[in-house]
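Please dock the two separately framed chains into a single complex, following the hints provided.
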Amino acid sequence: MSARPTLAVWKFASCDGCQLSLLDCEDEFLALAGAVDISHFTEMSRASVDGPYDISLVEGSITTGADVDRIHEVRAMSRRLITIGACATAGGIQALRNYAAGDYPPVVYAHPEYLDSLATSTPISAHVNVDYELQGCPIDRRQLLEVLVAELAGRRPVVPGHSVCVECKQRSTVCVLVRGGTPCLGPVTRAGCGALCPSVERGCFGCFGPADTHNAASLSRRILELGATRADAGRLFRTFNAGAAAFEHAADALGNGGAR
Amino acid sequence: MTHGRAERTVSVRGMSRVEGEGSLRVQVVDGRVEDVPLEIFEPPRYFEALLAGRRYSEAPDITARICGICPVAYQMSACNAMEDAAGVVVDRPIRALRRLLYCGEWIQSHSLHVYLLHAPDFLGFNDAVELAEHDRGAVERGLGLKRTGNLLMETVGGRAVHPVNVCVGGFYKAPSPEAVAALAEPLARAREAALATVEWVSGFDFPDVEGDYRLVALHDPDVYAIEGGSAIRSSDGLDVSPADFEGLLDEEHVMRSTALHARLRGRGHYLTGPLARYALNGAQLPAIAKEAASAAGLGPVCTNPFRSIVVRSVELVAACDEALRLVAEYEPPQPPATPVPGTASVGVGVTEAPRGLLLQRYEVGQDGLIRTARIVPPTSQNQLSIEDDLRATATATLSAPDAELTLRCEQAVRNHDPCISCAAHFLDVTVERR
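Protein chains in written order, with this note's numbering: chain A, 1 to 260; chain B, 1001 to 1434.
Hints are supplied without guarantee of correctness; some may be wrong.
Partial selection, computed: residues in chain A whose CB lies under 10 Å from chain B [to be verified]: (1) 13; (2) 63; (3) 64; (4) 87; (5) 102; (6) 103; (7) 107.
Here are a few chain B residues that sit away from chain A, every Cβ distance over 10 Å (derived from the structure) [to be verified]: (8) 1008; (9) 1210; (10) 1366.
No lab work stands behind these hints: they were computed from the structure.
Here the structure is a predicted model, which means the values were calculated and not measured.
All C-beta atoms, glycine included, are put in the ideal place defined by N, C-alpha and C.
For reference, chain B alone in the conformation it holds in the complex (with noise of 0.2 Å):
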């Protein structure tokens, strides 16, 4: 212990509506703040480790156990990297299906987090129930949102949470054009509740700051990336493809809880997410969601991470708006999956998940059994962006009492959305004993 010197510490053990367990502290000396652990104490999984050895073709329904709430987004990673490896593009159909499913997983973790994760903080409530005791419609409107994007992931999927009808090369089986056209109606709906989302959180009250982001994203000169993408943009003018970019991602574990930290060689730390979505590929988001982006107040760039829950919900607009056309223009893909074979390669996968991009990469031997996996979620690449966050928030309140401090930092991490159960099971997991 230094003596002498005005020491503060503010912690929050167990971080709450995040998805897993981490808890952060903030040191402050002599008034200034000093340290800003985010401290992740998951216990390691080991997929890389526990891939090894399997067959190419299980990899969608392995991974999908990192995460419950976007196994989709692991699913389709994996997918992507094995049909890399093989040389192989699958059909336009299975390409829409794929997207229609991806949909249904925005939604129901946009939703989820929206509502049940995020919005409490800017109403001074605990948590969603409480939020529902003096605004149960708003809360019902979330639930609906999430149910329409569950009955999504059935429908295509098979199962919401870790779907069984995925497949490297596409699908078991292609639902039915009846079943199909029968999400229509619950996805106008749901448009409907995006756009009122929209409306609801813009007028939050945030706090006037903004983040200097190195953002980066997958990028579709059609669409706005989500499933797939033909590179890898910055917006510190990178533009590489998935394979370059896993070149140049460098992860580093080091002592302190928060460990594997990713980087890009070369240039630094960056943020993934619907913040550097927004902002390169605003240009491809439908015109429903432009709309409500503008409507909302929202310029070209929001780099404000208070903010986010304003583009999440405008990323819903874009899902549900995407949804509805996938299924308009639905038919089966026949054959449901393109034949993938198992041969002697390597090959890198990369989407857009809720909360960021998601690499993946495989090497897969003769046999088809993957000899080594790598695996980069979201939460590993922002990790060090939220702490910048965590830093800028502590130094900005640092003039208000504890609880007040605590629930603004708690903010700045909730703000990014962090799955720490992703991150944590192959990443950065050591307890600080002190």
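The following block holds chain A by itself, in its conformation from the complex (with noise of 0.2 Å):
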């Protein structure tokens, strides 16, 4: 047996793009791989090891009833559990459904009955207990290494709960909520991405969540003062991270992000 700790990695409902973030640290990869046991990681690798595992991380929101006994499972192998991406931890751009009108998987299937699927999608947390939430819709690959490298050093990570403001002022790029009258989730938003939107000279449209500390109605507010009409303004806050209270409360305030 290794006495390296063990680590492995989930999929449930999602894109695959957070785990991609692992294979997308090409320059620490390997050594990586050198440093933790990756013991089940399907994307990867053909081998899979038993568990229990030191290091549990987790892609995806819950959506079906098979996946709700999945993560007690994957709950109980786990010594730490570590939930990777807005699917994870807010139930994603499929938690959607949470607020439609209508019934989705009529839409979509023509037997709706042959699917396992639940009415919601709900984030990882909403069931079982996560030892860490790493944001993002993706997650930053540099934000999972400094999560892992804390993991194996058994330090808190460090990784910010401000808003992507101070990304903006970091890199010196003009607001464009206040100089171009555009509408920026910005100000609510957590950093982590390193507010690539505002530097494409577009508003941030929430990919990493609200922020540790936000005033979701106060931006709202400027949101439609700024023209857009209510249903412009709930869409903006209900995409990835539709589900993140401050992000719900805002939708819900604004007449339900017009929603169908």
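Below you can see the structure in the form of structure tokens.
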């Protein structure tokens, strides 16, 4: 048996992009594979070692009855359980079904009765205890490495909880909201991406979910003053992190984000 | 259960080294392969339903989230569909920049598949980490290629997974000429690495099999079709516009776990992806890719699915070479996006995702909101051909022990680089419980 800590990667309802971030650590990937024992990662390997595991990375949200059971099994096998990405931490874009007036399955499937599909998409933390949540749609691979390194060192990861606005200042990006009058979720969104959208002159659309402190009501007011309809403003909050409490409340206050 | 018959079932729960969650089962009765269902147990995410009521301009960002491996494919097909609906043709420099971004995704996705997902099968390893213990140089070459693909996507798209710079009509901001020029050097190295890749994989040991495929690909008379094209062609003579192709597509939701199966009306099922593109658009490959293909022993058509790794590597060369050309010719589009209004109309958009044809169709209302969406990803189109391959592979390998039969069948699936996340998120999802 190996003395190295064991790592497992799990997928629920998701796009694969967050676990791909692990393979996107091109420069560090082989070093990482040397530092931990990657025991279960089906996207990468045929080989799978049974649990328990020291660290489990969980991507995706819970949307089926079978997955409710599976996440409990994963929790039982994992010393530390870390969720990665907006699906796992907030339910993802597929959580739009939670707010829909109509029923989704018949729109897509000829035979909805064949499906094992819940009416809601919920984050992992709605089902089991989660040790750490890494935000982003997708997560940032440098933050993922920081979280893994911190886990191995037994310390808390250094991941900012402040807003995207701070990152715009750090990279000297002129404010798209103040100067350009472009609706931007930057003031209420957690930093981590590097303020990518304002750097290409578009407003932030909230990939990293709510910042630790936020005033979404005030931002909504400003976005409406800039001429957005209530439905458009609501849709802005209701995307990949629709299920995060601050964004959910902001969209509700604007009239359900224009959902059907 | 039937008695008195020799039954043998080989199952692979949790297919590895594919994108997404699936499994396959080979049922053998009385020495005959009875069924080879490729089971997909990805939970449905209902993208077509959740897109209804969203603004037409949101389609690229939302559909990107269908797949983290090929988000650009989703963004570009969505853009093409919305522009088709509005009757807008984007300016040439915008089209060129889109092609550059898409080349980045091809480089990233193909190098991921060739090196990390597919090559270990041919060399007897469980994964690329084991492969690296024996040949670290090869894996580092693959990771280097992948890094260059990601760098391209970051420079043009702003981010490697779910780029932020794409909008209907073009881009939010054109990258600076300096930033694009800086890509030339890593791309030149990547092209060398891609040539080395073709040479490396062409030396693998391939089973001697040929698939009987109906091949379908997007076609452009001037270039190897990626980000758009004028027609969709097939190996049996189809030559239609994207809109007419959409009209010919039937999708069936069946009880068996692999549900929505795409078929062409009047023709049947078909295969898209590298083998189809190479066969139908080989004449449009850049010269350096043609030379690499012929040096690797590929004829004008390759229907050995195991050799798809060679074709994919040839496409890596093509993508690096095309990217280099586009970098050299780069002029920032001015403005970065052509205005596209959201008006009541219907549009169809098709592009070539790394693993095959990706079609989207939208009906947009007068208010600029999406009324209905249809998304047909590559894997749902390829699924029936993959099952044909599985049946042939299982039949040919029947006398082998279970472990070898299992590996061969897994390989038969991985040959086509299926993206189960894509296919299942709005397609075929039932878990067969028995």
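> Against the structure shown, which of the earlier numbered hints fail to hold, in ascending order?
Replying inline: Every hint satisfied by this model.
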